[in-house]
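Student: Numbering-wise, the sequence shown is residues 560 to 645 according to our numbering.
Because the hints were derived from the structure by calculation, they are not lab data.
Since this is a predicted model, take the numbers as computed values, not measurements.
C-beta atoms are modelled at their ideal positions from N, C-alpha and C, and glycine is treated no differently.
A couple of the hints might just be wrong.
[As the list claims (entries may be wrong)] Lysine-lysine pairs mimicking DSSO-like chemistry, simulated, CA-CA at most 30 angstroms apart: (1) K615 - K637; (2) K637 - K567; (3) K580 - K645; (4) K567 - K596; (5) K617 - K596; (6) K637 - K585; (7) K567 - K615; (8) K645 - K633; (9) K637 - K584; (10) K637 - K617.
[As the list claims (entries may be wrong)] Pair ranges (Cβ atoms, derived): (11) T602 - E576: 17 to 27 angstroms; (12) K584 - L629: 50 to 60 angstroms; (13) N577 - E623: 40 to 50 angstroms; (14) K592 - G625: 50 to 60 angstroms; (15) V636 - G564: 39 to 49 angstroms; (16) I644 - A620: 19 to 29 angstroms; (17) L609 - P638: 21 to 31 angstroms; (18) F603 - K633: 44 to 54 angstroms; (19) K617 - E586: 15 to 25 angstroms; (20) S568 - Y608: 25 to 35 angstroms; (21) A561 - D612: 41 to 51 angstroms.
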Amino acid sequence: MAVPGYDKSGITISLEENKLKIVGKKEESTDRKFLMKEFDFTTFQRLFYLPEDVQKDKIEATVENGILHLVIYKAEVKPAINVSIK
């Protein structure tokens with residue numbers, strides 16, 4: 560996910576049930592080297608719905624060169640077991 564101008568201190572990632580929320584906040588630059596600004600890049604929020612079969616405790620996130628990398632592992636599928644009849 561592209562997050563240009565944000566570092567890890569300005570990004571929060573939370574997981575509630577199967578909703579992964581990514582919020583970015585940064586201070587507005589006081590450096591005014593423009594006449595008109597059409598976009599506000601100080602805050603953003605994205606919401607992703609994850610499938611039920613992910614390992615919620617093993618989500619990894621890194622920010623490098625303006626790109627937020629998320630690694631989300633799928634839960635291991637356990638093979639079926641045979642139940643013996645007594």
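Student: Which numbered hints turn out to be false for this structure?
Tutor: The structure conflicts with hints 2, 3, 5, 6, 8, 9, 12, 13, 14, 16, 18, 19, 21, although it agrees with all the remaining ones.
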